[in-house]
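S.K.: Sequence:
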Amino acid sequence: MADEEAEQERLSRGGGGCVAELQRLGERLQELERQLRESQVPAVEAATEYCQQLCQTVDDGGTFP
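Position in the sequence shown counted from 1, then plus 129, gives you the numbering used here.
By construction, these hints were calculated from the structure, which means they are not laboratory data.
Some hints here could point you the wrong way.
[Unchecked claim] Ranges of calculated distance between the beta carbons of each label pair, as one might list FRET restraints:
#1 E178 to Q152: 17 to 25 angstroms
#2 V187 to R166: 15 to 23 angstroms
#3 A176 to E134: 29 to 37 angstroms
#4 R166 to D188: 19 to 27 angstroms
Predicted model, so just to flag it, every value in this text is computed and none were measured.
Don't be surprised by glycine CBs; every beta carbon is placed ideally from N, CA and C.
Model the full assembly from the supplied sequences, consistent with the hints where possible.
M.R.: In structure tokens, the structure reads:
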């Protein structure tokens with residue numbers, strides 16, 4: 130936990146935009162995880178969709194739909 134706080138402080142000194150982007154990325158990943166857990170489709174299909182969405186999020190540089 131202290132490591133995360135130190136990292137947040139280090140990033141915030143480097144520019145607020147970076148911290149905000151990391152927070153948005155974290156929120157997006159949590160949403161993808163929630164969708165995976167709550168999915169009613171077969172596990173393989175849900176996992177495939179999760180991986181595709183994760184890759185798209187990373188490929189977009191953190192910009193979300």
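S.K.: When you take the CB atoms of R166 and D188, is the distance between them in 19 to 27 angstroms?
M.R.: This hint holds: roughly 23 angstroms between Cβ atoms.
S.K.: Does the Cβ distance between V187 and R166 fall inside 15 to 23 angstroms?
M.R.: 20 angstroms, holds
S.K.: For the range 17 to 25 angstroms, tell me whether the beta carbons of E178 and Q152 fit it or not.
M.R.: Between E178 and Q152, where Cβ atoms are some 24 angstroms apart, the hint holds.
S.K.: CB of A176 to CB of E134, is that within 29 to 37 angstroms?
M.R.: Given range 29 to 37 angstroms: holds, Cβ gap about 32 angstroms.
Checked against the numbered hints above, the structure violates none of them.
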